[in-house]
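*Asks:* Top line first, the protein sequences correspond to chains A and B. Here the first sequence stands for residues 0 to 333, numbered as in numbering that gives the first Met the number 0. Here the second sequence stands for residues 0 to 396, numbered as in numbering that gives the first Met the number 0.
These are computed hints drawn from the structure, not numbers from a lab. One thing to keep in mind: the hints can contain errors.
[What the hints assert, rightly or not] Some but not every residue of chain B turned toward chain A, in silico, with C-beta under 8 Å:
#, residue
1, G145
2, C149
3, D152
4, A172
5, G183
6, S198
7, D201
8, F208
9, E306
10, A332
11, A333
12, A335
13, Y344
14, T372
15, P373
16, V376
[What the hints assert, rightly or not] Simulated coverage check for chain A against chain B, where a stretch passes if three residues somewhere in it have a Cβ under 8 Å from a Cβ of chain B:
#, region
17, 52 to 59
18, 117 to 127
Even for Gly, the Cβ is constructed at its ideal location relative to N, Cα and C.
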Amino acid sequence: MATTTMAKALNAALADAMADDERVLVFGEDVGQLGGVFRITDGLQARFGDKRCFDTPLAESGIVGFAVGLAMTGLRPVVEMQFDAFGYPAFEQIASHVAKLRNRTRGALSVPIVIRVPYAGGIGGVEHHCDSSEAYYAHTPGLKVVTPATVDDAYSLLREAIEDPDPVVFMEPKKLYFSSAEAELPARTAPFGKAVVRRAGTDATLVAYGPAVPVALEAAEAAREEGWDLEVVDVRSIVPFDDATVTASVRRTGRCVVIQEAQGFAGVGAEIAARVQERCFHALHAPVLRVSGLDIPYPAPMLEHTHLPSVDRVLDTVARLQWDDQPDSRWVAA
Amino acid sequence: MTTTPQAVRRASPRSRRPADAPVATAAAPVADPSAGLLPATEPVRLLDPSGTPLPARDDYPEPPVAELRELYRRMVVGRRFDIQATALTKQGKLAVYPSSRGQEACQVGAVLALREGDWVFPTYRESMALTARGIDPVEVLTLLRGDWHCGYDPAAMRTAPQCTPLATQCVHAAGLAYGEAYQGRDTVALAFIGDGATSEGDFHEGLNFAAVFKAPVVFFVQNNKYAISVPLSRQTAAPSLAYKGVGYGVPSEQVDGNDPVAVLAVLTRAVQHARSGRGPFLIEAHTYRMEAHTNADDATRYRDGAEVDAWRDRDPVARLETYLRERGELDDAAVAAIAEQAEAYAADLRERMHDKPAVDPMSLFDHVYAEPTPQLVEQREQVRAELAADSDQEGAR
Ligand SMILES: Cc1ncc(C[n+]2csc(CCOP(=O)(O)OP(=O)(O)O)c2C)c(N)n1
Ligand SMILES: [Mg+2]
Chain A
0 MATTTMAKAL NAALADAMAD DERVLVFGED VGQLGGVFRI TDGLQARFGD
50 KRCFDTPLAE SGIVGFAVGL AMTGLRPVVE MQFDAFGYPA FEQIASHVAK
100 LRNRTRGALS VPIVIRVPYA GGIGGVEHHC DSSEAYYAHT PGLKVVTPAT
150 VDDAYSLLRE AIEDPDPVVF MEPKKLYFSS AEAELPARTA PFGKAVVRRA
200 GTDATLVAYG PAVPVALEAA EAAREEGWDL EVVDVRSIVP FDDATVTASV
250 RRTGRCVVIQ EAQGFAGVGA EIAARVQERC FHALHAPVLR VSGLDIPYPA
300 PMLEHTHLPS VDRVLDTVAR LQWDDQPDSR WVAA
Chain B
0 MTTTPQAVRR ASPRSRRPAD APVATAAAPV ADPSAGLLPA TEPVRLLDPS
50 GTPLPARDDY PEPPVAELRE LYRRMVVGRR FDIQATALTK QGKLAVYPSS
100 RGQEACQVGA VLALREGDWV FPTYRESMAL TARGIDPVEV LTLLRGDWHC
150 GYDPAAMRTA PQCTPLATQC VHAAGLAYGE AYQGRDTVAL AFIGDGATSE
200 GDFHEGLNFA AVFKAPVVFF VQNNKYAISV PLSRQTAAPS LAYKGVGYGV
250 PSEQVDGNDP VAVLAVLTRA VQHARSGRGP FLIEAHTYRM EAHTNADDAT
300 RYRDGAEVDA WRDRDPVARL ETYLRERGEL DDAAVAAIAE QAEAYAADLR
350 ERMHDKPAVD PMSLFDHVYA EPTPQLVEQR EQVRAELAAD SDQEGAR
């Protein structure tokens, strides 16, 4: 076993996919000679040539639309949006074509494209470099949306995304790019549609994905001092969502906090909270609570720590899970 | 890029050079960087509006007469189809229909210039082009009838689903054409687009991608002068839409879109250009839609009758018919036989559109993903139960 970073694992996944399947093409802005601004495509052009890994004009709608056409010829495009917020010009292509072509044509056409999106904050990025855009994609039927929180998962989920018959928006938590772990690549972890229990516990379930998973794990460690034994579920696959694993955990613990870095309103965490509440009502000892980013445009670097879900905010929220069976004072009418 | 003093110095002697000094020719010629890219200022025209041939052109040889006869036949059938589809809206058989009457030369000429294995990227306006391509008219009208979105098999017909989000098909055409060439196939992609949609970003991104990747795409703009109600003057200040190629390094041409012979000639050459590996080509066809934007639109609110009448005199079907008759390639009997074919085509369509198509709510879940997600399976079971409960109630009554 060697220590490797998530960035290196993603790079290895792309390289292995290209080696295994010559239909795989990797393209986007600066992905060629430079190897991408985060170096995720480092060395691919040198190894596979500039026909298989190449730079494009700077036009995100064009990049994704070009991928649609390529996929129609049987190729397997993997495109990079340089940053989360710069994926927005491609949204029309993603929502109106990538997501719908299979359905519109009753399966006659499919466009198995992977759209890689470096996303979320915690890296001190200036304006327009730190959005959590996953809800836009997850809200769009026809797309799969996955996000790794571990090095193994980064490799495995990306390989699976490239092999998947459906288009996949692959959300890469920027702040975890240089997180490292012991990993033996090529690794294969649980498939799409499976959430994973990262830490077993008995008192409450923390449900998190992507950049929020390390926060949840840290909070669970810290909670031991408060006498709480918390379970942590890593969603991994936002679409398709694994209701079974999440609800099984919450039924065991009876309490649930959903943690996401994105702004909360109408977010993925809201969907998860609703699903848990629908499915676990009789097992719950407290309302399902959420910890999320604030409902504000992503703040400037010197203010982002206030916005991001912190261990303290998670613990404060866990404290509100009605351990004494009293109603949450926040919601009691004055 | 460098802005060192050397670079500045290197540039300055040129301005001091006497006007008659010889220009150094060692470097790449800098003559006119747009040479070969600027379209001619006048649209190509081979027949005048009355159908009289204009002087022959070396650059645009007249297509073989057999092709012109076939063009005529498909235009007549296409027009009849269009009239029938419009009638079907009045009978409530179609939710909506965007007519392309008046644009027959463009609709049919474009597909006739292609091989079977080439790809077409149509918009909602191109129903007539699709029937001319041999797609079953009932399948073409699926979208507008409302029993599904795309009714035909795009892969089998080498025709993308009709595209409603304006201009988005342009980048698909670029990607497909590049992907085909990448895999060693000499496929050409033809992207239809309207005048209004040339203002959308994807038109420009499509041109640019196709040019940068030398993808064999023909971008075919039918400038019918309006985008619903918005006139061309609100889309562009350029001398013509064909000029939009210059900025991308894409050669272009204007054509009289109501001159079927010119349309076929220009399209044929553009397709050859693309197929021979020289990259994309842009065509602007000047035409006019005789009907409103769709049956739901009231064109009298934005254009007057005199304008429409002026275009009646440039009717593409009559123009080609006159020409072929003059050449002795068409007589009353042939015209009558084609009209009869067109009637039969319309009658068959009418009949097959008579009954409401069967739709199955359970099929809603079929092609969202290759395999339905657990959430879709749940929703499918819910709908199944709802339908069963409904039919039980029906039964009890
Ligand atoms: C992105 C987008 N914006 C707006 C519309 C609504 N719309 C449908 S057709 C149309 C006019 C397009 O005009 P033009 O490109 O000239 O084509 P024509 O209809 O004349 O064939 C508009 C605005 C749309 N379909 N897609
Ligand atoms: Mg128009």
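*Asks:* Next step is simple, just say for each hint if it's right about the structure.
*Replies:* Quick rundown of the hints versus the structure:
1. Hint on G145/B is violated. Least Cβ distance to chain A is approximately 13 Å, over the 8 Å limit.
2. Taking 8 Å as the C-beta contact cut-off toward chain A, the hint placing C149/B at the interface holds, the least distance being around 5 Å.
3. Residue-level restraint check for D152/B holds (minimum Cβ-Cβ distance to chain A is 5 Å; threshold 8 Å).
4. For A172/B, the suggested interface contact is upheld, since its CB lies about 6 Å from the closest CB of chain A, less than 8 Å.
5. Because the closest C-beta pair between G183/B and chain A is about 11 Å apart, greater than 8 Å, the hint is violated.
6. About 14 Å separates the beta-carbon of S198/B from the nearest beta-carbon of chain A, more than 8 Å, and the hint is not met.
7. Because the closest C-beta pair between D201/B and chain A is about 6 Å apart, less than 8 Å, the hint holds.
8. This hint holds: F208/B has a C-beta 5 Å from the nearest C-beta of chain A, less than the 8 Å allowed.
9. The closest approach between the C-beta of E306/B and any C-beta of chain A is roughly 33 Å, which is over the 8 Å cut-off, so the hint fails.
10. The beta carbon of A332/B is not positioned within 8 Å of any beta carbon in chain A (closest approach about 41 Å), and the interface hint is therefore violated.
11. For the restraint placing A333/B at the interface with chain A, the shortest Cβ-Cβ distance is roughly 38 Å, beyond the 8 Å limit, so the hint is violated.
12. Annotation: A335/B was flagged as interfacial toward chain A, and the flag is violated, the nearest CB pair being 39 Å apart, outside 8 Å.
13. This hint is violated: Y344/B has a C-beta 25 Å from the nearest C-beta of chain A, more than the 8 Å allowed.
14. The closest approach between the C-beta of T372/B and any C-beta of chain A is roughly 4 Å, which is under the 8 Å cut-off, so the hint is satisfied.
15. Look at P373/B: its Cβ gets to within about 6 Å of chain A, closer than 8 Å, so that hint holds up.
16. At a threshold of 8 Å, the smallest CB-CB gap from V376/B to chain A is about 10 Å, leaving the interface hint violated.
17. Residues of the region 52 to 59 of chain A with a Cβ under 8 Å from some Cβ of chain B number 3, which satisfies the need for three, so the listed coverage holds.
18. Given a C-beta distance limit of less than 8 Å, the hint that chain B covers the region 117 to 127 of chain A is violated, as 0 residues qualify and 3 are needed.
Hints 1, 5, 6, 9, 10, 11, 12, 13, 16, 18 from the earlier list are contradicted by this structure; the remaining hints agree with it.
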